[in-house]
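Student: Each chain is listed here by its residues.
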Amino acid sequence: MTHAFVELDRVRLRYQEGEGLALEQTDMKIAKGEFIAVVGPSGCGKSSLLKLVSGLMPASEGTVIVDDHEVAGPLKICGMAFQNSTLLPWRTTLANVLLPLEIVQPHRSQLRSQRKKYEERAKHLLETVNLLGFENKYPWELSGGMQQRANLCRALIHEPDLLLLDEPFGALDAFTREELWDTLQKLWMENRFTVILVTHDLREAAYLADTIYVMSNRPGRILMRYENTLPRPRNQDMTFQPEFGDLVHELKGHIRTVRAA
Amino acid sequence: MNRKKLVTVYSPWIASIGLFLIWELAVRLFHVPEYILPTPSASFAAIWQFHDAIWMHAVQTMLTTLGGFVIAVIFGVVVGAAVGSSQLIYAATNPVLIGFNSVPKIAVVPVLVMWFGIGTIPAVLTAFLISFFPIVANVATGLATLEPELRDVLRSLGASRIDILMKVGFPRSLPYFFTSLKIAITLAFVGSVMSETVASNVGMGYLMMAASSRFNIPLVFAGLLVIAAMGIAMYGIFSVIERRSTRWAVRGSHSG
Chain W
1 MTHAFVELDR
11 VRLRYQEGEG
21 LALEQTDMKI
31 AKGEFIAVVG
41 PSGCGKSSLL
51 KLVSGLMPAS
61 EGTVIVDDHE
71 VAGPLKICGM
81 AFQNSTLLPW
91 RTTLANVLLP
101 LEIVQPHRSQ
111 LRSQRKKYEE
121 RAKHLLETVN
131 LLGFENKYPW
141 ELSGGMQQRA
151 NLCRALIHEP
161 DLLLLDEPFG
171 ALDAFTREEL
181 WDTLQKLWME
191 NRFTVILVTH
201 DLREAAYLAD
211 TIYVMSNRPG
221 RILMRYENTL
231 PRPRNQDMTF
241 QPEFGDLVHE
251 LKGHIRTVRA
261 A
Chain V
262 MNRKKLVTVY
272 SPWIASIGLF
282 LIWELAVRLF
292 HVPEYILPTP
302 SASFAAIWQF
312 HDAIWMHAVQ
322 TMLTTLGGFV
332 IAVIFGVVVG
342 AAVGSSQLIY
352 AATNPVLIGF
362 NSVPKIAVVP
372 VLVMWFGIGT
382 IPAVLTAFLI
392 SFFPIVANVA
402 TGLATLEPEL
412 RDVLRSLGAS
422 RIDILMKVGF
432 PRSLPYFFTS
442 LKIAITLAFV
452 GSVMSETVAS
462 NVGMGYLMMA
472 ASSRFNIPLV
482 FAGLLVIAAM
492 GIAMYGIFSV
502 IERRSTRWAV
512 RGSHSG
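Those sequence lines, one after another, are chains W and V.
Residue numbers for the first sequence follow this note's numbering, so the first one is 1 and each next one is one higher.
Residue numbers for the second sequence follow this note's numbering, so the first one is 262 and each next one is one higher.
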């Protein structure tokens with residue numbers, strides 16, 4: 001493996017002193033531009049993993065290294081998206097997407113003078129996810145899928161090197177979800193940021209990720225690492241191919257043994 | 262506009278007029294003497310008869326109330342922001358605030374009179390003391406109930422506490438804030454009139470006190486009606502401001 005962009009070295013996590021471990025010794029190496037997925041039973045500490053990597057939560061033991069620096073506090077190169085879209089209801093879609101630029105430097109100080117340029121960038125992003133024409137709508141005027149697409153745009157507008165997704169499509173219906181897989185894949189193939197996707201949807205992991213990590217029940221531990229060699233770009237037809245089915249089936253088998261343990 | 266909507270729009274007027282009618286009829290029917298309960302017509306007549314005096318005292322009460330209210334808003338926002346954004350400040354000040362809010366403000370008026378003498382200042386301060394609490398509580402609630410995911414999104418961008426407060430906390434607590442203003446302004450009237458009643462020689466409270474000592478009960482009720490009307494008017498103004506500035510939060514109730 002080449003030089004790692006994100007590296008977890010013997011990381012352990014417990015939320016409180018004296019409490020049991022939330023994450024058992026975890027080692028991970030993620031290359032720049034790699035798309036990885038973490039799957040596992042609910043409550044196994046998948047989301048904690050994201051908090052560790054983003055620096056929102058310190059590791060109890062071990063080190064987290066991102067871009068050659070040990071993570072000590074919240075990183076500034078992350079985009080994050082969660083299951084609920086957390087768009088601000090008093091802002092239009094466009095203003096919501098622009099929010100990170102009001103915080104992250106150097107955009108923050110340039111936003112006022114180069115508003116036009118940034119708005120163009122946001123509109124371009126909205127266009128890629130088929131939301132052009134909705135930029136002046138408020139979140140409550142959008143469907144769940146549209147909100148989640150806007151949410152993705154917000155996570156990407158500042159061109160983060162690292163995109164952290166915590167079950168971003170979990171609340172959507174199956175059709176919308178699979179549509180958004182394509183959207184995400186397209187965005188990723190165009191921009192090649194590093195993605196950590198936490199999900200309990202094995203098909204989602206198989207569809208999107210280069211590498212899939214299977215985690216155990218709490219305390220979470222990485223049990224398996226799969227190289228997903230299905231060719232890109234992947235499309236909906238491929239999900240009916242035996243290779244795809246086999247992969248999902250194999251993952252499923254592991255999860256089953258994990259849950260039984 | 263359909264029938265049902267029409268009824269809804271006029272329902273407040275119908276209800277108020279209905280209440281006055283019942284009141285009027287009941288007083289006449291049971292021959293209630295005027296020094297116990299005057300009819301609304303007599304009370305309105307008193308408003309007309311004493312309108313010069315009422316106007317003067319009403320303006321005084323209005324200014325007193327607004328003075329106390331403005332102080333309450335400033336104080337309430339500052340304290341609410343502090344309490345809502347810091348767990349420590351919340352823990353430290355919550356018992357004090359609740360204790361303070363539980364003290365009947367009428368008991369504080371004599372203290373204020375001792376310090377400031379009778380007149381406008383104790384009335385302004387009483388209005389302030391009685392009305393700041395809902396503002397503190399609502400602003401704090403609005404800030405404290407920020408979704409953890411949203412906080413994470415912003416923090417992972419490197420947002421400072423101030424950033425989060427300015428971009429999300431304050432806009433998000435605006436609806437709570439405006440709700441509290443409606444409550445606070447009506448409470449402020451209670452405070453100022455209360456203080457004027459016991460420790461002033463101007464204002465609606467004083468007017469009613471003076472009227473009752475001269476057994477001019479219609480004028481007392483005239484005063485009550487005027488205070489109620491001022492309260493409704495201020496409440497209405499703040500409702501409109503609320504709806505204008507936080508459309509996103511009330512979208513369900515007036516759309517379609």
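Read the hints as simulated data drawn from the structure, not as lab findings.
One or more of the hints may lead you astray.
According to the in silico footprint, chain V covers these stretches of chain W (three or more CB under 8 Å from chain V) [claimed, not checked]: (1) 88-98; (2) 235-244.
In silico BS3-like links for lysine-lysine, alpha-carbon gap of 27 Å or less [claimed, not checked]: (3) W:K116 with W:K51; (4) W:K116 with W:K252; (5) W:K117 with V:K428; (6) W:K137 with W:K51; (7) V:K265 with W:K137; (8) V:K265 with W:K76; (9) V:K266 with W:K123.
Think of the CB as a built atom: it goes at the ideal place given N, C-alpha and C, for glycine as much as any other residue.
Student: Taking the hints in turn, state whether each one holds.
Tutor: Right, here's what the structure says about each hint:
1. 88-98: Coverage by chain V holds for the region 88-98 of chain W (3 residues, Cβ < 8 Å).
2. 235-244: Since three or more residues must qualify, the claim that chain V covers the region 235-244 of chain W is violated, with 0 doing so at under 8 Å.
3. W:K116 with W:K51: 34 Å, violated
4. W:K116 with W:K252: Not OK: K116 of chain W and K252 of chain W at ~48 Å, beyond 27 Å, violated.
5. W:K117 with V:K428: 21 Å, holds
6. W:K137 with W:K51: 31 Å, violated
7. V:K265 with W:K137: 31 Å, violated
8. V:K265 with W:K76: With Cα atoms ~55 Å apart, K265 of chain V and K76 of chain W exceed 27 Å; violated.
9. V:K266 with W:K123: 41 Å, violated
In terms of the numbered hints stated before, the structure departs from hints 2, 3, 4, 6, 7, 8, 9, listed from lowest to highest.
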